[in-house]
Structure formats: structure tokens, C-alpha cells
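S.K.: The chain contents come next:
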Amino acid sequence: MIGLNHFLVFSGTLFCIGLFGALAKRSAIAILMGLEVMLTAVNINLVAISRYVTPEYLVGQVFAVFVIAVAAAEVAVGLALIVAIYRNRISVNVEDFDWLKW
Amino acid sequence: MVFMFWLIAIITLGSALAMVLNKNIFRSALFMVVTFIGVAAMYVLLQADFLAAVQILVYAGAIAIFIVFGIMLTVRGNMKQTNLFSKNAALAGLVSLVLVVINAIMVLTSDWPVSEAAPPVETVGQIAELMLTKFIVPFEVVAVLLLVALLGAIIIAKEVKKTS
Amino acid sequence: MDFPVLTVILLAPVVGALISVFIPKEESRIIKAVAGISTFISLALTIVIYFVYYTQHLDTGGMAFTEDIPWVSDLGVVYSLGVDGFSLPMLLLTNVIGFTAVFSRSWSVEKRAKEFYILLMILIVGVMGTFVARDLFIFFLFYEVVVIPIYIMVIIWGSGSKTKDVTKEYAGMKLTIYLLVGSAFLLAAMIWLYMEAAEMRGLPTFDIATLASLSSQFDQQFQIIVFGMMGFGFTVLLSMFPFHSWSPDGYAGAPTAVSMIHAGVLKKIGGYGLIRIGFFILPLGAKFWAPLIAILAVGNVVYAALICLAQKDMKYVVGYSSVSHMGFVLIGFASLNIIGLNGAVANMFAHGVMSALFFSMVGYIYGATKTRYIPDLGGLAHQMPVAAAGFVVAAMASAGLPGLVSFVPEFTTFVGAFKEASLRIPAIIALTGVVLGAVYVLRMVANVLFGPRKEEWDHVEDIRGSYWIPVVVLIAFIVTFGVFPSLLMDMVNSGMQPIAAKLVDAARVASQMGGNI
Amino acid sequence: MIEFSLNNAWLIPFLPAVAFALIVLVLRPLPRVSAFVSITCILISFIMAISIGIGVIQGGEKFVEEPFKKAVTWFSMSGLKIEMGFQIDPTSAMMLFVVTLVAALVQIYSIGYMHGDKGFSVFYAYLSLFAMSMLGLVIAPNLLQMFVFWELVGLCSYLLIGFWWYKYSAREAAKKAFITTRTGDFGLLMGILLLQIFFGTLDLQELAVRIPNFTEYGLTAGALTLIAAILFLGPIGKSGQFPLHVWLPDAMEGPTPVSALIHAATMVVAGVYLVGRTLFLFKTVPGAMAFVAFMGAFTALFAASIAITQTEMKKILAYSTVSQLGYMMLALGAGSLTASMFHLMTHAFFKALMFLGAGSVLHAMHNEADIWKYGGLKKYMPITYWTFLIGCLAIAGIFPFAGFFSKDLILEVVWANSTLSGHAHGPFQGLYTLLFIMASMTAMMTAFYMFRMFFICFHGELRDKHAHPHESPFSMAMPLVVLGILSVVGGWVGWPGLTEGKAFGYFVRMGEFEIVHANWTLIISSTVLALIGIGGAIAIYWKNAISHEELAKKFAPLYKLSFNKFYVDELYLWIIHNIIDGIGRALWWVDMHIVDGVVDGVAKTTKVLGSVFRRVQTGKMQHYALVLFAGVVVLVIIMSFADTSVASLSLLGGGR
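Protein chains in written order, with this note's numbering: chain S, 1 to 102; chain F, 1 to 164; chain V, 1 to 517; chain L, 1 to 656.
Here chain S stands alone, though its shape is the one from the complex (with noise of 0.2 Å):
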């Protein structure tokens, strides 16, 4: 029987599989990648903790909706400033980026 602990633990390590990518990649884009699947990763467990906890009340699915809005968001801004560095740097390999030491 699949319970509430398999779904649990399988977005846990999907969240870190995707924290890895975010923590171990050069490139920018896979650095988004890697959010975007920790942010589905999220999701996953709003909606299982909502399906077996409270199955009656759809609270986490909402949540979900808003969470998927906001990544979208966000990759659709991270893209463009991505864009908008490489023009500049002609690179997109974070590793080039330390401007936020002074």
C-alpha cells in the first residue's frame, strides 16, 4: 500500500536532486532547472499532505496552483536576466558571476 511516507520521501529526493543541480552547476539555465524541480518537488508534498491528511478540503492543491503561478514567474524573470547578463558577459556561467562582492 502507498501511504503518505513514499510520496514524502519521494519529493524529498526530488527536491534534492534538484538542489544539487541548483548547487553543482555552472550554467545558469541548469541553475534555473534545478529550482524549477525543487519547486515541483514542493508541490508534490502540498498536494500528498493534502490528500491524506485533510483529503477533504483541496487547500493544498490551491496552494500548488499559486506555487506553479509564482514559478512561472519567476523562470520567466530569471530567463531575462539571464539574457540580459549574457549580453553583457557573454557568458552564463555563474561562476564568472561574484559581483556581489564589493
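Hints in this document: simulated from the structure, not taken from any laboratory. From the three backbone atoms N, C-alpha and C, an ideal C-beta is built for every residue, glycine too. It cannot be assumed that every hint is accurate.
As the list claims (entries may be wrong) - Simulated restraints, written as ranges between beta carbons of each label pair:
#1 D505/V with I594/L: 35 to 43 Å
#2 E27/V with L635/L: 57 to 65 Å
#3 I90/S with L13/F: 43 to 51 Å
Since the structure of chain S is provided, determine the placement of chains F, V and L on it from the hints.
M.R.: Quick look at chains F, V and L alone, frame taken from chain S:
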């Protein structure tokens, strides 16, 4: 059900890993799409059919397209060397791995207040009702956010005219 | 009395600052006038309540003109104001100096008069607030209000020195950081005290009198540690040796008005807090630390006085002399008896008026001649007799001449210090400061004012117009309180009675406990 | 009138104070009015002083035993009460008379002397302030009031010496005077503080009762001697005793009337007066007495030996003043208030006379200071000449001039204390014998140097051919005449045969009254000594029987030593410039480099640490995120293994 879960889980996690490990960014993007579709299948298993549709539309559709456009606009040169690991990959891997373990332990040792009630069959209507009543303000805020993101993306990505 | 006179006194400069906001910045004369009027209102009201207290409340003592408005009731913060024989002289001092500082000559204020006067008003309000607060939280709040304007004023309108390689930015930074470090210790001590008291009473309170009523219940170890932290915070503000080095640099760097307020009153917040909070709430702690304070006080007096001898910059002379004078105050504190405390507090007042006049005159001369370097000056009494007269009066008051304000306080301080057998040797050493004080001020007076006429200063103008105000007002105070010291001493005495009684009590308790402190 | 004056004696110092305030605040632009107001006030004070004097003489015994005192509280607190008021007894009445008289005469004299000076009104303001301070000091019933006015006197001295402040020399002299006396005041203040601490009061009458029983107040004789010696530092400074005498000769940079008023007749005797007032303290401990006496005698001899070779009229007079003050101290040290006060009074007359005479000469010679430029002034300025002669005779101690009586009395009391007299008493007779010899020598030297100056100035030929000396105007001559008369008759009040011994000594005394019988051996021998001194001066400087240049060459080392004032000034300057200023500079270095260095060091450490730790900030987002998550991991691990139930519950137990 059990079989489906394991199948989908393996496919999803496998393609996610493949996305991370692949050195060709375009292939990474394709594996990402597979991951998203797998997640959508998970939603179906969780009886969130509307969300599964949204997942396919937004993630596997829109976001994937975005990413691909991003790749097209920025990546040049040898496609096989476009998606390399950075220097801190090993540490990141370790952290992620430990986090997986911790997460698993925490989930498994926790005692969840699982309810036996059956989920509603018709989800779309209920979601719509929640969104337009109880969550109307976040809903509107998200709408505005999307607008702002749209405009912002345009402004940021627009080419800066060099003045004199 | 229902009329909230203390709030009005506090608000008058605030209103002045608000009005100034709406005046075009070119109209610097109008802004100055507004500042003058608003501080004058405060000064006049303060003088009125001073005399009301002096004639009506002196025998009974205690707080008068109190106002209590609960503010954050969960934390026990109450906007409670009030004055007694201790805070009134300090309030009067603040207002006198605030009023005269507005009319002092600062060399570069003309550039941004509006901002300058607004900040000055805020500064004055902050200082006044600390003296009338009866609530520890309100006290600290006003204290923090003070620090920031000073920093801005020093680094914008300040000046560097010719004799020492410091810039105004350095001076302002040093001053501010010192004060903030001090206030950090203060804050920690305050919170600890507050928590301890809240635990004891079950009800949180910041009220100083209530906290003081618990003083016999605080255990000795606690008192020693908390007083140590608090004492550090306050004595840094009082520029105790060896934490004094911000003060000469800061005064030298600051514009005249800030030097006046800083040396005149701001420093006194340290002494005020040390007594009102430290001695009053933590008498056992005070008893423990007093010998150290006495020794460092001697360091203050002699060390700073000797350094004065080597100075060639007028503001450094006055700056170090003010450090030296604070030694007298500290030694009075260390005596822990009513006479010494009276003397020390009166000394704070005396030094305030005197150093304000001193800085005002130095500032005027600097403003007129554009130099403070003593060897460049000389014979200025030819060109500016009035400023010279003011300068000489300030110098004489600084040297502790009888008939001027600082003599009686100094004498009383020393009577108090000599009374304690253990303090006699430090007091005798500190007494040499009286001689050294005369040496350095007279040297400066002679080299700046007297001697043959120097042609290069023929163009400078003597004091006239509104620049007369500081000279006249401050000299009037210096002479009045010098000739009639009981005007001040009675007042201070009534304020010191409860604190001295507390210290006597603590001494008794300590001797019962085994008397090892 | 007498009753009124007695009850309102505070008016005597108050009136000049009013004059001062009026001149400073209102009358400064009107010199003549200023002078008028000032002189009027001091004259009224003078009249009141005279009526008080008459009252005191009429009262007789009453005032000696029980001084008339009135006071109000100046400020008070528990354990410390300070009063302001006045105390009238014969001593203060005498001083009031002397001070108001000399002050009034000097103010009148100044009309002529300061004529045309642009600081004319200010000068009168200062003179009034001075009169106020000195009179306040004189009537003080307690030591603190005395100290207050003592300091104000010091201020006036500063202002008046530095009156011509645009001269370097005047400005430096003023500074020196103030600082030197301040050094002494350090001791005085400490002494006052110690008295207040141990005896709980500063009131002179109460102290007089308490101090003799000092053991009840937890003091030993040694400690009390120490207190007395410390207290005596004040008089040493103010009355120009060795080693703080250096300011007095320099003080002659002030206008001459100031020299006459302050540095001869009144201010400098404040120290003597203070010791006189606290004589009960010194008398209690013989060691203190011996100290005072020795300082006095030594100063007298020391100053006289310098005066012999000086070449400026006012400098010579200044050193003679120092010397005479030493005499007064010697008298006090011998335990005689009478002798000291008597000499104080006569000295005030003749020294003021001589200073004003010197001023007259300077006025005539257009401020030429060197006496070797003078000569033969006798024929140009007869009044000055004759009055000056009276002064010289008086100071030399020639019968029947004022100085004779007072100087004789001093010698007599010292004699009485010494082993030579045969009926010696006290533990320090041997010392007093030495002091007597020193005093006698001083008497001879005084006569010599005064007449040396006298003959050089007034006899022979005028050496400066460009000068056109002239007699001074009436306002300047009048005070000379008055003082001249007083210098002759002033001493007669001490005549032992006068009214059954109820003369000066009957009123101004401490302890039991005893008639001092004339000791003819002493009188004759002291007169002979004086005559030898005068004779020497006549032989060398008038008749030129012995060449003074030859003498100077013969005793060249001594001459040089004396001419250079034993190099005391140089020594002080060296100490101040090298040691005190050196310490100041050294400490400034310490302050800049060590105290500031620590502060700056702390700042620098922060900066260095910052530059080390800023490397941690790579500026790369990924690193930050990595650290964030690594931190989460580490935290979780720590908390799960730590034995805090709450933490492990919330992290591992789930969402309960």
C-alpha cells in the same frame, strides 16, 4: 497502484538525475520535461487531476519552452560541454545526499495524522470555489505578480540602447 | 500642577525644528531666529520651574512637575517625566547652553544653516530628555537620540586640526563609536537590571525610583557586575581616563555649538546617569568600584592637565582641560558622601557653563581669524576686546577663581574627598590640577590675547549683534552662581539627599554582611 | 556713625565693588566720572574704617577678647557650613584703616599718573575691585572667605600687573605672578581643607578654641605641624617669601601706583595677615613657629642681598619689600602678632611712599628705569626728594621715623626668644639666636641699599642728558606728603611710654598683654648698624670715597650671584620648560600614540579581521546557497544528537 507509484517514481527520479548529470544542456532540458511529466503522473496518483493538467501545461509546456529559448539565446559552441559541474559539486552532492537521508528519517519517524476520509471526486469546481472565495486576495496578487513579472522580464531582457 | 510644563519644554525645540523645515534654506537668519526663540522658550520655562522648585519644593525634595503616561504597558514602559534637585540644575544647564549655542559662531554653518539648526534642536531635545526622564527606558531612548546628530554635525560642519593629524571624519567617527560602545554596555546592564527586577517584583518596570527601592534586595555580586558595566558606559561618556581620547579630538573637530553642548552638557549625562541610576539603584556596586574610579580620576586630572601644557591648538587645550575637570567630578563621586556628591554635581554644572563660554569664545576667535593655532595668534585683545574679556572670564572660571561658578563646587568636592581617609592621597594629587589648570589657561590667554598688536588680525571684527548673547548670558550665569552658590548648592543638596542616604544604608548593610568590600 | 559703621562693616568692601560694577558696566567710556566714582567709594570706606577704628579704640579690651562678628550663610549642607560676613577686632580695624588709606591715596595719585592712558577707567575699575577684595579679606571671619578674597586679590594682581598687556614683559609678569601665588594657594587650600576635615569648622574664633585641644580631634602634634606648614605655603606665595618670591620683583611691570598699592602696602601683606589671623594654629606647635620664623628671616636676608646690586628703582624697592615681609614673618614666627602688625602698618606707609616717589621719578624721567641714568634729581623734584628721604630713613630704622619703632620691636621679640637674651623660652632658642643675627644683618643691608639707591638717584649730576625731569602735579604730590607725614609719626603709636602702655600693642595682640620694656642695648646697636649701612652708602655712592666698580670686581662671583638673583628664576624656568613641559609633551606623545594607539589599534584590528573575513564573501550566489544548506544540515545533525528534547522533537518527531 503500488506498481504505478514505483514505476513513476523511478522514471521521475531517474530523469531528474539524468537532467542534473548530463553534460549537454539541451538534453538536460529534455530530461527536465520528462521529470515534470512524471510529477504530473504523481498528481494523478494523488487524485489531483486538475493539478496534473496544470503541471503539464505550465511546466512541461510553458516553462520548458522558456528554458529552451533561453538555451537558444545564450549557448554557443560545443553543445557537449554546455552543462558542466562547478568546483563545489562534490560538496553540493554530499549536502544533498545527507539531506535526502535526513528527510527520509524525519518523514519516516514522524507520526502523520492521516485521515481516512475520501477525497472529493470533482476537484476543479472546488478549487475554483476556494480560489474565488477564500483565496481571492492571493489569487489577485498572483495575477498582479504575473503581470509584473511579464513586464519586468520584457524590460530586463530588452536590449539597452547605448547612449552616446 | 496640571500644565505639562516638562513636555512643553521638551517640545519647544521640536516645534522650532519643524517650523524650520518649512523655511526656505536661504533664509538662514530667520531659521536662526526660530531656533533662538524656541530654545529661549525652553530656557525661560526652565528658569521659572527652577525658581518654583527652589522656593516651594526644596524642603520636601523629591520629584516635582511629574507626568506619567503609560506607553508600552506590557514592558512596563511609562513616559514619565519629572525633575528634582538633581535634574533641575542639569536641565537649566542644558537650556542655557542650548540657547547660547544657537548664537555661537561656527565657522562653516552658513553653508547649510537649515540642516544645522534642525539637528541642533534635535540634539538639545535629546539631552534635555535624558535629564527629565524618570523611566530608564525613556532615559535610554533620549540618550540614543543624542548620538546621531552629533556625528552628522561633526563630519559635515567640523574641522581638522593643525597640530594633530586628525580629520573631522576621524574625530566624528571616534566620538560616535566610543559613545556607542559605551551605550552598548549600558543597554546590556539596563536590560539585565530590568529582568532581575521584573523577576523579583513579578511585574516589569523601568521606573527608576521603583528599581531603586529594590536595591537592598539585589545581591552584591549582581550589583558589582551590573554597576561595572553601567559605570563603564557612563564614565566613557564622562571621558574618564583612559577612555577620554574621543573627547579632545571630538571637541576640536566639532563646530562651536556642538563643542559647547557636548562639553557643556552631553558629558554630564554620564555623571547624571552614574549617580541617578548607578549609585541610586546599585549602591553596593558603587561602593565596590569607587576606589578604582578615584584612582582613574586622579589620572584624569593630572594627566590631562599636563597634556594641556603641550598643546598648541586652542580647542585641544580646552578639550583636555575639560577632561581634567571631569577628574574633579569623578573624585567627588568616588567619595560617596553627601558633600563630595554635592560638589561633584555642582561641578558638573559649573564646568558646563564655563566650558560653554570657553568654547564659544574659542569658536568666535576661530571663526574670525580662521585659525586656532596658538603661535599664529597673539595680541587679539587689541582687535576684539569683548571677546578677550569673555575669554578671560572663562579662563578664570576654569582656573577655579572664587566668585565665579566653579570655585565652590571644587572646594566642596575636595572637602568630600578629604573626608574619606582613603581618598586623601588621590585628592592631594588631584589638587595639583588646580595649579596646573592655572598654568595652561593663563598661558593660552597670554599667548592668544595679549602681547603686541599683530597687523594681520586688524581686519577681524569684535563681537557684535547676536554674538553678544552667549557672552552676556553665560557670564551672567557664571557670576550669579559664583556669588550666590547656595542657589545651586541647596538645590543639588536636596537632590543628593536620598542618594547619599542610600549609600550610607548600603555601607551599613555591607558591614553587616562581613564588611569585605 | 561709629555704631553704624560697626554694624555695617560689610559696606566697606561692598562700596568699591559697586564702583567696580558701575565702571565696568556703565561708566567705561567716561574716564573722569569713573575716577570720581571710584575715589568717592573708597573715601567713604576710608571714613567708615576710621570710625570703626575709633570704635575699636573706645571699646578697648572688649574687642580684643570678643571680636565683633556678623555673618550670613553663604552655602551649607550637612557637615559643611560656610559663612560670609565680617569680624571686627583691633587687628582687622587696623588693616582696614591701612588698606583704605593707601588705596585712597593711590587712587588719587593715579589721577595724575595715569592721565591720558586709554585704559584709564578700566584701571580704576581694577583698583576698586582690588580694594574690594583686599577689604573683604581683611574682615573675613572664616578661612574660606579669606581664601575667596585672597584669590580675588590674586586676580586683581594679575589684571593690574598685566595692565599694559601689550607689552611682552607685562604679560609674562602677570602670568608669573598668578601662577606663582597659585602654587602657594595649592598649599593654602589643602591646609584649609585639612582644617575643615579635622576640626569641622573654618570659623576663626571657633578654630582658635578647638585647635589648642587638637589631640581631641585625633591629631598628633606632628600632623598639626604638617598642616600648619602646608597652610603656610599660601602666605609664602602671596607674601613673596623664599622660594616663591620670584613673582614680586617682576610684578613691577604694572603701573607704579599698582606697585605701591599691591606689591608694597597691601596685597603682599595678605600672607602676613593670614598667618597673623591663624597664629593660634602656629603657636600650638612650636615647630611651625620655627618654620615661619626661619622662612621669614631667611627671606629677609636673601632679598636684601639681592637688592644691593639691582639697578632699577622699582626692582630694588620690590626686593626691599620681600625683605621687609620676611621681617614681618619673622615677627610672627617669634610669636608676636603685635610686632608683625605694627611693622606691617609702618611698612605700608613708608613703602607706599617710596613707591609713589619712585613713580614720580619714573613719570618725570619718562619711564627710564635704570637708576644709573638718573642723578641729581634733588633740584628738579624737591617734594619727591624730601619725602623719599623720609621713606629711606624710615625703612632704615632711624629714630624717630616709623620704621624705627616697628623694626626695633621685631628685633626685640626675636631677641627674647633667643638664648642670647638670657631669659629664653621655647624649644628652638638656638635657631632664634641665628635668626636674630640674620635680622640684624638685614637691617644693616637694608639701610645700605636704600641709601645707595637714594644717592644714585637724587645726588650727583643728572647722567641722562636728554631727560627733562620735572616735579609731579598736585594729585601726585599730595599723597606723597600725606604718606611722608605718616611715615614720620606712624610709628609713635607704638611708643611704649604712650598712655601707660595702652598703645598699639595693647590693642593688636594675641594672648596676654605685656608691656615690652625698651631694651637700650638693642636699640642702640640696631641704630648703629643702620648708621653703618647708611655710612657705607654715603662713602661709596655720594662721596665716591670707594669706587663701587672696584668693589663689584673684587667680589665678582658674589656680585654676579646677587645681580642675577641667585639664578632662582633661571632655575624655575629650566624646571618648567624642561621638566614640566617635558612631561606634558611626553604624556601627549603617550596620549597620541598609546592611548589613541590602542583605540586606533582596535579599529585597525577590526579592519584587518574584516579584510580577512571578506574573502569568505566570494560574491557567488551558489556558494552562499551551499553554505546555507550545509548549515541546515549541520544544525539538524547537532540538534538531533544534542540532548535537548524540544529540538529533537521538533525536527525528528514531526509536526505534533
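S.K.: Look at each hint and say if it fits the structure.
M.R.: Hint by hint, here is what the structure shows:
1. D505/V with I594/L: 35 to 43 Å: Holds: the Cβ-Cβ distance is about 41 Å, inside 35 to 43 Å.
2. E27/V with L635/L: 57 to 65 Å: holds, 60 Å
3. I90/S with L13/F: 43 to 51 Å: About 35 Å separates the Cβ atoms of I90/S and L13/F, which means 43 to 51 Å is violated.
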